[in-house]
Each structure stands twice: as structure tokens, then as C-alpha cells.
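If you want the building blocks of each chain, they are given just below.
There are 2 protein chains.
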Amino acid sequence: MMEQVPGTLGTSASLALHLGQTIFSSASLLFMCLDVEFYSYTSFSYLVTVMGLVTPWSVSLALVDAYSVFIKRLPRQPRVLLIVIVGDWALSFLSLAAACSTASVTSLLVDVGKSNCPSKLCSRYQLSAAMAFLSWFLSFSSTLLNLWLLPSL
Amino acid sequence: MMEQVPGTLGTSASLALHLGQTIFSSASLLFMCLDVEFYSYTSFSYLVTVMGLVTPWSVSLALVDAYSVFIKRLPRQPRVLLIVIVGDWALSFLSLAAACSTASVTSLLVDVGKSNCPSKLCSRYQLSAAMAFLSWFLSFSSTLLNLWLLPSL
Numbered sequence: 021m022m023e024q025v026p027g028t029l030g031t032s033a034s035l036a037l038h039l040g041q042t043i044f045s046s047a048s049l050l051f052m053c054l055d056v057e058f059y060s061y062t063s064f065s066y067l068v069t070v071m072g073l074v075t076p077w078s079v080s081l082a083l084v085d086a087y088s089v090f091i092k093r094l095p096r097q098p099r100v101l102l103i104v105i106v107g108d109w110a111l112s113f114l115s116l117a118a119a120c121s122t123a124s125v126t127s128l129l130v131d132v133g134k135s136n137c138p139s140k141l142c143s144r145y146q147l148s149a150a151m152a153f154l155s156w157f158l159s160f161s162s163t164l165l166n167l168w169l170l171p172s173l
Numbered sequence: 021m022m023e024q025v026p027g028t029l030g031t032s033a034s035l036a037l038h039l040g041q042t043i044f045s046s047a048s049l050l051f052m053c054l055d056v057e058f059y060s061y062t063s064f065s066y067l068v069t070v071m072g073l074v075t076p077w078s079v080s081l082a083l084v085d086a087y088s089v090f091i092k093r094l095p096r097q098p099r100v101l102l103i104v105i106v107g108d109w110a111l112s113f114l115s116l117a118a119a120c121s122t123a124s125v126t127s128l129l130v131d132v133g134k135s136n137c138p139s140k141l142c143s144r145y146q147l148s149a150a151m152a153f154l155s156w157f158l159s160f161s162s163t164l165l166n167l168w169l170l171p172s173l
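Heads up: the protein sequence lines correspond to chains A and B, in order.
Counting from 21, one number per residue, gives the positions in the first sequence under this note's numbering.
Counting from 21, one number per residue, gives the positions in the second sequence under this note's numbering.
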């Protein structure tokens with residue numbers, strides 16, 4: 021039962037996925053939070069909340085992967101894998117929702133109110149939404165790859 | 021191989037799911053389209069596009085289900101099941117994205133511009149977003165139930 025499916029928990033592909041997820045989600049968080057008053061719009065606060073959940077989750081999974089790749093191979097437990105799949109799944113839905121809300125609100129702000137949105141701020145919102153989409157994509161592929169493995173356990 | 025998992029294609033539970041999906045997606049489409057100029061906002065046009073895809077898809081699946089339940093049991097083919105799973109999957113993501121965008125834009129319109137959004141229009145937007153969320157939920161559960169069956173084929 022120790023065949024190596026690439027992308028499942030504890031492999032180097034999974035380490036790369038989770039590192040990318042960490043980078044994108046924290047970039048999205050920073051673009052949205054730093055020096056911007058994001059809390060006047062509901063969607064932006066929601067994005068900050070979700071990315072604040074995604075970042076520690078992907079950091080801890082990346083740590084587990086790094087331990088398993090570099091130090092000592094961990095035995096594969098179905099219960100742990102199930103928790104990882106469900107968590108990734110829920111967070112991928114939440115981050116898709118947050119990314120869509122942010123993108124649509126930003127596009128509305130660009131269209132309607134020039135006064136609400138100086139061009140510098142608006143491009144930061146757009147960058148933040150793009151990073152959230154990338155983070156969603158990575159966590160979704162991680163879910164799919166782990167789900168692939170589940171029936172074989 | 022003819023055990024009856026409830027909710028998979030061709031059972032009465034699946035018929036109920038797809039009928040509900042048809043009702044909710046067409047309700048969302050009607051609330052958004054009828055007598056409203058939806059095309060001035062990107063998210064609303066997107067919602068109309070996605071719901072215009074979801075409605076015929078769920079109608080055709082409901083017809084397949086009804087044929088299988090009431091007239092003649094169809095043999096289960098892995099290829100057809102795979103197409104149904106992938107289609108449901110993609111449409112569930114699209115409708116989640118559309119529902120989130122519509123909800124966030126509506127909430128922004130309610131907050132910011134009273135002049136842009138008379139209260140009657142705004143409640144219709146909100147109803148449309150709620151219907152889109154319900155339609156997403158049904159198509160997502162249909163995906164999950166069919167996915168459950170796939171490894172046994």
C-alpha cells in the first residue's frame with residue numbers, strides 16, 4: 021500500500037501545492053489588508069476572514085509535507101487523509117466564494133464610482149482577487165488528488 | 021451491479037434533485053430577467069448566462085430520470101455517468117460563483133447607492149441570488165452522490 025501517487029499528502033508535489041497555496045493566500049491577505057480600509061465593504065471583510073483561515077491551514081499542511089519528505093516518512097492514515105480532504109474541500113469552496121465576491125464588487129466599483137476607488141486602490145483589490153482565485157485553484161487540485169487516493173485505502 | 025444507491029442517475033431521488041434544480045434555476049432566471057435591465061452590471065449578466073446553461077441541463081437530466089423511473093430502466097453506463105458528473109461539477113462551480121457575485125453586488129447596491137436600487141428591484145435581486153444558492157446546493161449534492169458510485173463501476 022505504499023505506492024506513491026503524486027500530489028497526495030506527504031509527497032513533494034503536495035509540498036509544492038501547499039507552498040503555492042500559502043504564498044497566494046498570504047499575498048491576497050496582504051494586498052487587501054495593508055494600508056487599506058477594507059472593512060467598509062462586506063465582501064472584502066469576508067475575503068480577509070477566509071484568507072486568514074486558509075493561510076494557517078496551508079502552512080500546517082506544508083509543514084507536515086516537509087517533515088514527511090525530508091525527515092521521516094509518515095505512515096498513511098485514512099482518518100488523517102479524510103480530515104485533510106474535508107478541510108481542503110470546505111476551504112476551497114469558501115475561497116472561491118470570496119474570490120468571486122471580491123472580483124465582482126471591484127468591477128462594480130471601477131464602473132460606477134470613480135470617487136470610491138482611486139486607481140491605485142482598485143488595482144490592489146484586483147490583485148487580491150486574482151491571488152484568491154489562484155489559491156482556490158491550488159486547494160481544489162489538492163482536494164481532487166487526495167480524493168483520488170481515498171478509495172484505495 | 022444493479023444495487024440501487026439513492027440519488028444516482030435514474031433513481032427517484034435523482035429525479036427529485038433535478039426537478040428542484042430546474043425550479044430554482046428558472047426562478048432565479050425569471051427574477052433577474054423579467055422587466056429588469058440586468059445587463060448594466062457584469063455579475064447580473066453572468067448570473068443570467070449561467071442560469072441559462074443550468075436550466076436546460078437540469079431539464080434534460082430530469083427527463084432521463086423520469087424515463088428511467090416510470091417507463092423503462094436504463095442500463096448504467098460508466099461513460100454517461102462520467103459526463104453527468106463532470107457537467108454537474110462544472111455547473112455547480114459556475115453557479116456558486118454566480119450566486120456569490122450577485123449576492124455581494126446586491127449587498128453593495130443596498131449599502132451604497134439608494135438611487136441605483138429601488139427597494140422593489142433590490143429584493144428581486146436578493147431573491148434571485150437566494151434561488152441561485154439553492155440551485156448550487158442541489159447540483160452539488162447530485163455531483164457528490166454520483167461521485168460516490170463511480171469507484172464501484
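If you are wondering where the hints come from, they were derived from the structure by calculation, not from laboratory data.
Since the structure is predicted, the reported quantities are computational estimates derived from the model, not experimental observations.
Treat the hints with care, since some could be wrong.
Residues of chain B placed beyond 12 Å of chain A at every Cβ, according to the derived structure [claimed, not checked]:
id, residue
1, Val56
2, Pro98
3, Ala119
4, Lys140
One-sided and incomplete, this derived list gives chain B residues near chain A with beta-carbon spacing under 8 Å [unchecked claim]:
id, residue
5, Cys53
6, Ser65
7, Val68
8, Thr69
9, Trp109
10, Leu116
11, Ser127
12, Leu128
C-beta: ideal position from N, C-alpha, C; glycine also.
Hint numbers contradicted by this structure: Hints 3, 5, 6, 7, 8, 9 are the ones this structure does not satisfy, whereas the remaining hints hold.
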